[in-house]
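2 protein chains.
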Amino acid sequence: MAGDKKLVEAITSRDEDFAQWYTDVVKKAELTGYTSVKGCMVIKPAGYAIWENIQKELDRRFKETGVENVYLPMFIPESLLQKEKDHVEGFAPEVAWVTQGGLNPLQERMCVRPTSETLFCDLYAKDIQSYRDLPKVYNQWCSVVRWEKTTRPFLRSREFLWQEGHTAHATAEEAEERTKQMLNIYADFCEEFLAIPVVRGRKTDKEKFAGAEATYTIESLMHDGKALQSGTSHNFGDGFAKAFGIQFTDRDNTLKYVHQTSWGMTTRMIGAIIMVHGDDSGLVLPPKVAPVQAVVIPIQMKKEGVLEAAEKVRDELAKAGIRVRLDDSDKSPGWKFSEQEMRGFPMRIELGPRDIASGQAVLVRRDTGEKTTVPIETIADAAKDLLEEIQKNLFEKAKAFRDAHIYEADDYKTFVKTADEKPGFIKAHWCGDPACEEKIKEDTTCTSRCIPFKGGEPKDGAVCVCCGRKAKHLVYWGKAY
Amino acid sequence: MAGDKKLVEAITSRDEDFAQWYTDVVKKAELTGYTSVKGCMVIKPAGYAIWENIQKELDRRFKETGVENVYLPMFIPESLLQKEKDHVEGFAPEVAWVTQGGLNPLQERMCVRPTSETLFCDLYAKDIQSYRDLPKVYNQWCSVVRWEKTTRPFLRSREFLWQEGHTAHATAEEAEERTKQMLNIYADFCEEFLAIPVVRGRKTDKEKFAGAEATYTIESLMHDGKALQSGTSHNFGDGFAKAFGIQFTDRDNTLKYVHQTSWGMTTRMIGAIIMVHGDDSGLVLPPKVAPVQAVVIPIQMKKEGVLEAAEKVRDELAKAGIRVRLDDSDKSPGWKFSEQEMRGFPMRIELGPRDIASGQAVLVRRDTGEKTTVPIETIADAAKDLLEEIQKNLFEKAKAFRDAHIYEADDYKTFVKTADEKPGFIKAHWCGDPACEEKIKEDTTCTSRCIPFKGGEPKDGAVCVCCGRKAKHLVYWGKAY
Numbered sequence: 000m001a002g003d004k005k006l007v008e009a010i011t012s013r014d015e016d017f018a019q020w021y022t023d024v025v026k027k028a029e030l031t032g033y034t035s036v037k038g039c040m041v042i043k044p045a046g047y048a049i050w051e052n053i054q055k056e057l058d059r060r061f062k063e064t065g066v067e068n069v070y071l072p073m074f075i076p077e078s079l080l081q082k083e084k085d086h087v088e089g090f091a092p093e094v095a096w097v098t099q100g101g102l103n104p105l106q107e108r109m110c111v112r113p114t115s116e117t118l119f120c121d122l123y124a125k126d127i128q129s130y131r132d133l134p135k136v137y138n139q140w141c142s143v144v145r146w147e148k149t150t151r152p153f154l155r156s157r158e159f160l161w162q163e164g165h166t167a168h169a170t171a172e173e174a175e176e177r178t179k180q181m182l183n184i185y186a187d188f189c190e191e192f193l194a195i196p197v198v199r200g201r202k203t204d205k206e207k208f209a210g211a212e213a214t215y216t217i218e219s220l221m222h223d224g225k226a227l228q229s230g231t232s233h234n235f236g237d238g239f240a241k242a243f244g245i246q247f248t249d250r251d252n253t254l255k256y257v258h259q260t261s262w263g264m265t266t267r268m269i270g271a272i273i274m275v276h277g278d279d280s281g282l283v284l285p286p287k288v289a290p291v292q293a294v295v296i297p298i299q300m301k302k303e304g305v306l307e308a309a310e311k312v313r314d315e316l317a318k319a320g321i322r323v324r325l326d327d328s329d330k331s332p333g334w335k336f337s338e339q340e341m342r343g344f345p346m347r348i349e350l351g352p353r354d355i356a357s358g359q360a361v362l363v364r365r366d367t368g369e370k371t372t373v374p375i376e377t378i379a380d381a382a383k384d385l386l387e388e389i390q391k392n393l394f395e396k397a398k399a400f401r402d403a404h405i406y407e408a409d410d411y412k413t414f415v416k417t418a419d420e421k422p423g424f425i426k427a428h429w430c431g432d433p434a435c436e437e438k439i440k441e442d443t444t445c446t447s448r449c450i451p452f453k454g455g456e457p458k459d460g461a462v463c464v465c466c467g468r469k470a471k472h473l474v475y476w477g478k479a480y
Numbered sequence: 000m001a002g003d004k005k006l007v008e009a010i011t012s013r014d015e016d017f018a019q020w021y022t023d024v025v026k027k028a029e030l031t032g033y034t035s036v037k038g039c040m041v042i043k044p045a046g047y048a049i050w051e052n053i054q055k056e057l058d059r060r061f062k063e064t065g066v067e068n069v070y071l072p073m074f075i076p077e078s079l080l081q082k083e084k085d086h087v088e089g090f091a092p093e094v095a096w097v098t099q100g101g102l103n104p105l106q107e108r109m110c111v112r113p114t115s116e117t118l119f120c121d122l123y124a125k126d127i128q129s130y131r132d133l134p135k136v137y138n139q140w141c142s143v144v145r146w147e148k149t150t151r152p153f154l155r156s157r158e159f160l161w162q163e164g165h166t167a168h169a170t171a172e173e174a175e176e177r178t179k180q181m182l183n184i185y186a187d188f189c190e191e192f193l194a195i196p197v198v199r200g201r202k203t204d205k206e207k208f209a210g211a212e213a214t215y216t217i218e219s220l221m222h223d224g225k226a227l228q229s230g231t232s233h234n235f236g237d238g239f240a241k242a243f244g245i246q247f248t249d250r251d252n253t254l255k256y257v258h259q260t261s262w263g264m265t266t267r268m269i270g271a272i273i274m275v276h277g278d279d280s281g282l283v284l285p286p287k288v289a290p291v292q293a294v295v296i297p298i299q300m301k302k303e304g305v306l307e308a309a310e311k312v313r314d315e316l317a318k319a320g321i322r323v324r325l326d327d328s329d330k331s332p333g334w335k336f337s338e339q340e341m342r343g344f345p346m347r348i349e350l351g352p353r354d355i356a357s358g359q360a361v362l363v364r365r366d367t368g369e370k371t372t373v374p375i376e377t378i379a380d381a382a383k384d385l386l387e388e389i390q391k392n393l394f395e396k397a398k399a400f401r402d403a404h405i406y407e408a409d410d411y412k413t414f415v416k417t418a419d420e421k422p423g424f425i426k427a428h429w430c431g432d433p434a435c436e437e438k439i440k441e442d443t444t445c446t447s448r449c450i451p452f453k454g455g456e457p458k459d460g461a462v463c464v465c466c467g468r469k470a471k472h473l474v475y476w477g478k479a480y
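Residue numbers (numbering that gives the first Met the number 0), protein chains in the order written: chain A, 0 to 480; chain B, 0 to 480.
Since the hints were derived computationally from the structure, they do not count as laboratory data.
Quick list of in silico lysine to any residue cross-link-like pairs, SDA-like style, CA-CA up to 25 Å: (1) K458/A / D410/A; (2) K55/A / V291/B; (3) K27/B / Q246/A; (4) K37/A / E77/B; (5) K287/A / D58/B; (6) K471/B / R201/B; (7) K55/B / Q139/B; (8) K478/A / A18/A; (9) K26/B / Q246/A; (10) K205/A / L102/B; (11) K62/A / M341/B; (12) K225/B / R155/B; (13) K330/A / K135/B; (14) K27/B / E51/B; (15) K37/B / L102/A; (16) K370/A / D327/A; (17) K62/B / D327/A; (18) K125/B / Q19/A; (19) K416/A / E437/A; (20) K27/A / K135/B; (21) K205/B / L80/B; (22) K135/B / T22/A; (23) K82/A / S35/B; (24) K125/A / G32/B; (25) K62/A / L325/B; (26) K125/B / A18/A.
All of these numbers come straight from a predicted model, not from anything done at the bench.
Please take these sequences and the hints and turn them into a complete structure.
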């Protein structure tokens, strides 16, 4: 058949060359494409549909907590970017500068937003006067630009999509509560929706966001044992408020500075889905985030009654709320099986003349390859149950993998050896001195991923794995994307 | 009460100073805000929620016709922008240029996309090889930048939000069909969802899009009698395909150029909603696009049972699928009434102790101010019916207004006098010569809005209103935003 010309080609083995495997999957599952714009990706329909599902679910979870969406300009005048000292130092080296508008050079150059703290502050300084104007819990969905030197689709590109929440509060306590609340939303979203287990914790001072008092993070583990920072939430205290003059008259009639937070999650999570769940046949999508949850593939499609039966199955599944697609193209069933596997659709339904005669269909799971024969009459229920089962299995599998790749190191020799030989997280005590972080990074390329919320307290008498001084924290270390 | 301090202030009368009225409504309904970024607006929660509803509904209608969403880079290298001659001439004078990335000057400057035809062509040239790869029916939701000198919120700003669809087809017929199909989606969306009547037609060569063979448009009439171009759909023929080398092998094994279209609708439509439906009390939102469709306002809230009854009413309405808000703040009922009117929520429900005692509530329509007393028991049904009624009434009112402001002119004197004295559309015959369009524009500031699909054929023996030569078309003329 004509369709077979374009057979699904084999991809690099995941365990042989993880980086090449990733590139192959991204390309062959048609998630991204390239244009002449160096370092920027095209997100194609199969990739963007995943992002739309991420957006929809995150946005719903945000709105349940009172978040309101807004849109702010994509440009930041240089003087505005420079108002907060730490922040400008963090971002100025990696922004793109607009110097001409229309036919005239600009009087003041502007960068394309790398993040929008400064713009939100500019707005809040105008809009907040009284305690009645608080809290402000704004979020925007947009793209941002950071002029990276080396880029990879979803993981690091000069432009990427994200949401950035920016809030202002009357008290430090409320800001801290919101910072944690949003981090927990990210964590629950990752675990429940993307089936990706995460470690929740706090960044060290060295790793925290430019201008933040505290940065909370969720860290996940990819199949190659590298860590991926998957979502961050920052508490700014009143630092930005002082730099931008964001003051309000409180109930007690005194003038106070607001306390602020920001938090973001990006298209990088599509990279995480690939690297946590994918296998040698391609992408594996957790059912909840999959744009297509089931593909119906008719066998011997031209025989009488086959296509009609397949259409009926599709309609039954659609009615039950399953995102289903019928592949009635003239490609061979074998090609269609490979395509379903490459694109990571959680389940396919094979339906041939003999199945139909016996009132049955075959469900094939993408995660395990397991086949089940089920009565067509109750196929929608069976498919729903199976999708739940797949979602659960993917999370458990990822969690078991992650847990099996968490190591401990009590002395530096063990740390270095583990970092060298065993990809994964290393739990090790730390004195709190950035010099030790720097040395560990130089010796092993490991960075501190986080001080976990659970278990971040040092054990009695524990010492820093690097310098041997008294430990302040237990830290997750890892090589990171 | 404390809330009364910030009483809803009066706005300029709509008929006295339309431009100032518009500015007042945008500001007092809190649709937009300002930052230090000149010419760019902040879309605040009340404005952005309208855009979210527009997006959701348009996106649904798009997807029903097979549209797939993607995301392309926001930057266009100068050499890419220059590939299609007419296109670059149309846009180059009004783009913003990025000349530096990170700490280094760029080898080639890039503009921030004013529209993305060139990028989609760049992608299609890579991705389209065979008739099997067609059609491509892609769309993206994003922001674009055009360096305008004078700006107004929603109507004209240096950055605005929109969707831009870009398609590629095997035949000219299919491209033409898609161009018309999308224009009809815009037209139906405006009339059914935004309650804005439109004229569907074709742009003259002078007014068509830079690089297009044909531009179709929907034109609506604002309350001040000015026209607003509300959505456009372009047929590019194979012009871009030739400039970018987008060829495919057809079924007959010959190499052919694709035929392309593009189509867009923008945040400008929020401006249209304001200018078509608004009145001297502020914004008036058609129920279908209103983020809040009903506000429940308790009277004598502190009396026993009032707040509970109000909460029950809110819950009933929410259960019936109505977007409802309960205003239980400590502001006065009068303040709340004014606020509901200013923000354009279609209906308020007043509920006081006496109402509750008699098992009734008062529904007040935003569009007419009319009050109806209804039994609390059946309030959800009554509210639903009323919302439908308001939606219908707003469309009919706008249509009656529009129709009453369409004039005809058979000779130039009448045309000039009408243009001078009567704000609205002028229907007049035209010979097809751009010189006559130019003269009309110079003499009256009217531009050709469109050659309507219905009634665009000239009457027998009709002559051009400007030069007296034989007429080719009947044209809608108007002063435009």
